[in-house]
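A.B. asks: Listed below are the residues making up each chain.
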Amino acid sequence: MAEANGGLVIRPMDQFEVRPLFGGDMVGLFTITNVTLWMALTVVAVSLLMVVGSRGRALVPTRSQSMAELTYSFIYKMVEDVAGRDAVRFFPYIITLFLFVLFANLLGLIPFAFTTTSHIAVTAVLALAVFITVTITGFVVNGAAFLKLFWVDSAPLALRPVLALIELVSYFVRPVSHSIRLAGAMMAGHAVAKVFAGFAGALGVAFVIPVLAVTALYALELLVAVIQAYVFTILTCVYLKDALHPSH
Amino acid sequence: MEGDLANMGKYIGVGLTAIGMGGAAIGVGNIAGNFLAGALRNPSAAAGQTAMLFIGIAFAEALGIFSFLVALLLMFAV
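The listed protein sequences derive, respectively, from chains A and B. Start counting the first sequence at 1; every next residue gets the next number (the working numbering). Start counting the second sequence at 1; every next residue gets the next number (the working numbering).
Mixed in with the good hints, there may be bad ones.
Which stretches of chain A does chain B cover? Using the computed rule of at least three CB atoms under 8 Å from a CB of chain B, they are [what the hints assert, rightly or not]:
1. 78-85
2. 169-181
3. 224-232
Partial pick of chain A residues on the chain B-facing surface, computed with a CB cut under 8 Å [as the list claims (entries may be wrong)]:
4. Gly184
5. Ala188
6. Ala202
7. Leu203
8. Val205
Derived by calculation from the structure, the hints in this document are not laboratory data. Values in this document were obtained by computation on a predicted structure and should not be read as measured data. Beta carbons: idealized from backbone N, C-alpha and C, even for Gly.
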């Protein structure tokens, strides 16, 4: 926040601080922090929509049941289209990922809320889980033939070792880019919003301009929150497709 | 004085990483523009390719976010 005395002081990264909820300064392995709280709230929100919202199982759905059904069929179709028919057995995992990331992003947009997905530690766990799942699935389904993913048959023989090296590196960079994309996008958006909000405090009467800018930015952030959740899941589907059908 | 010089270099480096974000902007714009050009020529095929559009945008955007990460590392970790 801006402090008018002694110039403009904006600390856009303060909002990402992990604090213990019940006093103390130490964050241990099992300390209940604000991250724990907002992750729990995310789970509650997802359960409210998907379990309580669609409890009626009416033939003519209510509004919340309709939202739940639309989300379900949207993700189902995405898994089928991108990863193929045989990837449907991973559908429960993928919709869990999508709903968790979506609701974590959206809950983070509530003023004074904490964005759990803005922490690389959180998204790295999600991305590593995807990476390990995909790698194990690849070896279980295809056996050693999974390594064909790195050996491009369509390329000239002399070029294949070079390509194999590139493919190998890009395979192991996947969890890094997968996690940092989500965390980076969320962190950047929230930091920019905070910087603009800081200008509003410092400008006096002209505060209208940054407030309008923040409003527009907030709309953009809503869009980004949904798109990043979508991108996270669709990339999971793409990686899964590679694991199930490794030949190019 | 030594520390000031090091800080100056740090901030110049952080500013330079912003160029990487410009590159990502060019990439994302290129993908979206080409998608639109293709979609206007054959609108019936456009709906099936939106997933590919987002995948392409995500890959291009990742590189911009890497430069953002380098900026953050320089600012807060180095």
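A.B. asks: Test coverage of the region 78-85 of chain A by chain B using CB-CB distances below 8 Å; three residues minimum.
C.D. replies: holds (count 3)
A.B. asks: Min Cβ distance, Val205(A) to chain B: is it shorter than 8 Å?
C.D. replies: 31 Å, violated
A.B. asks: Would the hint on Ala188(A) stand, with a C-beta cut-off of 8 Å toward chain B?
C.D. replies: For Ala188(A), the interface hint holds, since the closest Cβ of chain B sits about 6 Å away, which is under 8 Å.
A.B. asks: For the region 224-232 of chain A, do at least 3 residues have a Cβ located nearer than 8 Å to some Cβ of chain B?
C.D. replies: With 3 residues in contact (Cβ-Cβ under 8 Å with chain B), the coverage given for the region 224-232 of chain A holds.
A.B. asks: Does the nearest C-beta of chain B fall within a distance shorter than 8 Å of the C-beta of Leu203(A)?
C.D. replies: 24 Å, violated
A.B. asks: Once the shortest beta carbon distance from Gly184(A) to chain B is found, is it less than 8 Å?
C.D. replies: 4 Å, holds
A.B. asks: With a Cβ-Cβ cutoff of 8 Å, does the region 169-181 of chain A contain at least three residues near chain B?
C.D. replies: holds (count 3)
A.B. asks: For the hint on Ala202(A), just tell me whether its beta-carbon gets within less than 8 Å of chain B.
C.D. replies: 21 Å, violated
In this structure, the earlier hints numbered 6, 7, 8 are contradicted, and the remaining ones agree with it.
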